[in-house]
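Fit chain X to the supplied structure of chain H, relying on the hints for placement.
Number of protein chains: 2
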Amino acid sequence: METEKNFDRLLQLSKQARILEGVSSILDWDQETYMPDGASGIRSEQVKTLAGVIHRIKTGKKFGTALNKLIDVNKGSYLSKSFSEEQKAALREWRRDYLHNTSLPTKFIEDFTKLTSQAIIAWREAKEQDSFQHFAPSLEKIVTMCRRKADLLGYKEHPYDALLDLYEPDMTTKEVSTLFDGLRLALSPLIKKIENHPVDHAFLFGKWDKTKQLAFGKTLLDHMGYSFTNGRLDCSVHPFSSSSHPTDSRITTRIHPTSLMSSIFAVLHEGGHGLYEMGLPVEWYGNPLGNARSLGVHESQSRWWETRIGLSRPFWKYFFPQLQDTFKGPLKNVSFEQFYRGINKVMPSFIRIEADEMTYPMHVILRFELEKGLIEGTLKVKDIPEAWNDTMERYLGITPPSFQQGCLQDIHWSMGGFGYFPTYTLGNIYAAHLFEAFEKDQPQWEKEVEKGELLFIKNWLADKIYRHGSFYSTRDLLEKASKKKLSSKAYLDYLTKKFSQLYPIGH
Amino acid sequence: METEKNFDRLLQLSKQARILEGVSSILDWDQETYMPDGASGIRSEQVKTLAGVIHRIKTGKKFGTALNKLIDVNKGSYLSKSFSEEQKAALREWRRDYLHNTSLPTKFIEDFTKLTSQAIIAWREAKEQDSFQHFAPSLEKIVTMCRRKADLLGYKEHPYDALLDLYEPDMTTKEVSTLFDGLRLALSPLIKKIENHPVDHAFLFGKWDKTKQLAFGKTLLDHMGYSFTNGRLDCSVHPFSSSSHPTDSRITTRIHPTSLMSSIFAVLHEGGHGLYEMGLPVEWYGNPLGNARSLGVHESQSRWWETRIGLSRPFWKYFFPQLQDTFKGPLKNVSFEQFYRGINKVMPSFIRIEADEMTYPMHVILRFELEKGLIEGTLKVKDIPEAWNDTMERYLGITPPSFQQGCLQDIHWSMGGFGYFPTYTLGNIYAAHLFEAFEKDQPQWEKEVEKGELLFIKNWLADKIYRHGSFYSTRDLLEKASKKKLSSKAYLDYLTKKFSQLYPIGH
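Heads up: the sequence lines are chains H and X, in that order.
According to this note's numbering, the stretch in the first sequence is residues 631 to 1137, in order.
According to this note's numbering, the stretch in the second sequence is residues 631 to 1137, in order.
Since the hints were made in silico from the structure, they are not lab data.
A few of these clues could be false.
[To be verified] Facing chain H, according to a computed beta carbon distance under 10 Å, are these residues of chain X, among others:
#1 T859
#2 S874
#3 R880
[Claimed, not checked] List of simulated lysine-lysine pairs, DSS-like, C-alpha gap at most 25 Å:
#4 X:K688 <-> X:K705
#5 X:K645 <-> H:K737
#6 H:K678 <-> X:K691
#7 X:K737 <-> H:K692
#8 H:K842 <-> X:K840
#9 H:K678 <-> X:K635
For glycine and all other residues, C-beta sits at the position ideal for the given N, C-alpha and C.
Only chain H is shown next, with the shape it has when bound in the complex (with noise of 0.2 Å):
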C-alpha cells in the first residue's frame, strides 16, 4: 500500500514536470519560427523560469522522500521486491534522473547557465572575427566547469563517462573509443580513395520555389507515415524537431538558398526525430519509460530515413519521377543514375553539417578525441587549433583555411555540451545495426520503396524501437530488435558496400 502510494506520488510529480517540459519545448519552437524578434530577452526569462519551476519539482523533498522510499538511491537496489519489471525499469530512470539533478549544487547551476551564456556570444563574435583568441578565454573556463562538473556527477573509468551518460545513458568513453576506433581505421583508406574522385551535382543547385520544396517535403512526411493531425512542417534558420507528447510533434525545415536536396533531407533527418516522438508510447506519458532512450537512438531514427532511406536507390526510384516534375529546371535532363551519384557524392570538407556519409563520422570522431583529451587533461584549450587541423589532415586530408571552417564551426562547445556530439555517430552505427535486422525481417524492402510503400518501415520501427520508450538500455533495445551484440561492422559493412559501387575502392 505504501509502496504504491510512492509510486504514484513519483509518478503525478514527474507527469507534472514532463508537462512543463513540454511546454518548454513549445516555447523553443515558437522561439525559432513565428516569435517576434523583440521577444527574445522575455522568452529566456519564461525559459528560465519554467526550468526552475521543473527543477524544484525533480529535486523536491518530496520527490525525493518518495524515491527514497523504494529505491537505495545511491546503490541502486530495489527496496521492495514486489515490484513488476515496468516499476523496477521506471524507478532505474527516476534514480538517475534523480542523481543527475541533484549531484549539481544550484550555485553550480546558475554559475554554469550564466558562463555559457556568455560564452555563445563570444563564440559567435569569435565566429565572426574569425578569431579563436576571443573564445579562448571562455571555453577555458567551460572546459573547467565541466571537468568540475564531471567530478560532481560522478565517474567509475574516465571524467568524460559522467558528460556522456547525460546524453547517452550507460554509454562509456572506454566504448565510443571502441566503436569509433574501428570505424576511423576502416573509413580513412577508404576515404583516401575516394579523394577527389570527380562526380557531376551542379544540377542540384539553382533556385528553387519554396512553396514546392514544402509541398514536396510533406509529401514525403507523408508517405513515412508522419501524422499532421499531430505534428506540422514549419521553416527555421536551423531544421529541429520539437515534441512536447506524442500528440504534438513539430518539425522544421530550412529552405537553403541554393541547394535543392538541403530540405528534403532535413524533411527526412527531422520526420525520423518526429515519428520517434509520435511513437512513444502514450499510455507511458509522464513515466520516464514514456520518454525517448537516448539522443543515439533518437539519432538513429533521423539518419535511418535521411541516409538509410532517403539516399538509397529505390527510394529515389519512386521519388525522382516525381522530383524531376516538380522542380524541371537543370534537373530535366539528369539521369537516375547521375543524379543517385549527385547525392550521394563523397568529397572531404571542412564543414560537418555539410558532410556526405562516408566522411561524416570522421568529423565526430574528431570531436570526440578532441572532447576527451580537454576532459581528461591531455589537451590544452590553446591547443586546440593546431590539434584540429592536425587531426583533419590525418583523418580527410584537408586543412581548414580559417578557424570558422575549423574549431569554431560548431556552437556545442559554447553551450557546455560536452559529451554530446559523440551521439551522432552513435545515430548511425545504431541505424546500421537495426538495419541489417530490418532487411532480415523485410527481405522485399527494396521493392516495397520502389513503389513508394514506406508506411511498413515506419510500422516496423514502431514495433522494435518507438513503442519501447526508455524501457530497455539502448544497448538491450538495440540487440533485442537485432538479435546480435552491437558494433559498429554493420555500419561499416553498409558504407563499404555502398560506396564500392559508387568509387573505385574495391570491396
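Chain X in isolation, oriented as in the chain H frame:
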C-alpha cells in the same frame, strides 16, 4: 529594511507568476493559430498545470506572509508610513488579487472548472440543435455556482458586484445600471427612427483575396504604430489579441468568407488591444502596476481604433482610395459617400458581434440585465428565452427566430463568465469619454488622419493610458485624462451627432 525585503519578496513572486501567465498566453495563441489538432488534449493539461503552479505562487505561504506584513489584508490599511505612492498602488493591487485568489476554496475552483468544461460542450451541442433545453441544466448549475462565488468573494451592496469586480475592478452594479440606463433610454428612440432606413452596402460583400486582406491589415497596423518587431498578425477562427510581455504582443484576424470589412475591423480592434499591451510600462513588468488596467479600459482601446478612427470619415478619406485600388471589383464604382454610409449602416439585428455602433450597446445592456436578474434571483434560467426575446423586442424591435440567434449565441455563460459582458459597453463609454479630451488636445486630428497620420493618436493614448498600467484606478485614470467626471454623456453625444448626419433622427 524588513519592509523592503518583504516588498522585494512580493515583487519576485509576482514576477514569476506573471512570467508563467505569459507562457500560458503563448500556449493559448499557439492553440488558436498553429497547434496541430490532435494536441488539444495535452494542451489543456499544459494550461491546467501552469494554472496550478501560478495559483500556488499567488496563494502560497511566502506570498501571504510578506503581504500581511505590509498591508492589513482584511481592512486594506497600509502597515508602514514610509511607502511611496507606487508601493501603495502595488500593494492595493496585490491585496485585491490575493483576496480574489484565496477566497475561493480549491475544491470550489476544481468543481467550477469541471462544470464549465462540460457546460461549454453542452452549449455547443445546444446551439447546434437549437435547443435551449439542452443547455438549461448546465446553465442552472453555473448560475448557482456563480451566486455562491459572489458570496465567497464578498460584496457590499449587490452580489453581482463581486463578479463584476473580477473583470472591472471597483465598478459596481449600481454604477453600471446608471450608465446603461441613460444610454438605453436615449438610444432606444433613435434606433426606432432609423429602423429599416435603406442603405446599400452590398458592394462590401464578395470574394476577396486572403493575402491582400492580410497585407492591407498590416499596412493599417504600420500606420497605427503597431510594431512587428514586438508583434505579429496571424489568422484564426475568432480574432483575438494575446500578449506575454510588451515586447511580445500578438494579434490575429479572421478572414471572412464574404465580408471585406470583417478582417479590417478585426485588425483595427485587435490592433488597439495590441498597442495597449505594447505600451504598458516595461519597467513595471511583474509588478501588478505593469498590467493593463481592466477589461473595460482594454476594450476602450480596441473600440477607439475600430470605431472612433476606423469608422470615421477622415480615416477613409486616406484609406478608401487604397482599398479601392487593392481590391477593385465591385468597390471600383463606389463613391466615398456610399462607402462611408455602407460601413456605418445601422440596422437592428440578432447577433451581438455583428451589430453596428448604434445597436451594439443594446445587446450588451440586455445581457447585463439578464445576468443581474439571474444572480440576484429575480430571473430563473427557464425564463431566459422569454426574457431575452421580450427585451430584444423592446430595445430593438425584433424577435429572434431561433435560440441560435437569441439566447444561445454567446459562449460567455457556458464559461461561467458572469460579469464580463458589461465591459464591452463600458469600453465604448470610456473611449468616448477619452475621445472628448483627445479632440480638445488635438483639434486638428481629422486633418492629420486625412493624411494617413495615425501615430500621434497612439502617442496620445500612450501618454494618457498605456504608460500608467494599473497605477491609477480606472476612474482616476479616465478622469485624469479628461479632467471630467465619468459619464455616458460623451458616448451618447458622439452617437447622436454622428448618426444624425446619416439618418433622419434629428439632433
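Can you name, in rising order, the numbers of the hints this structure does not satisfy?
Nothing - there is no hint that the structure violates, so all of them hold.
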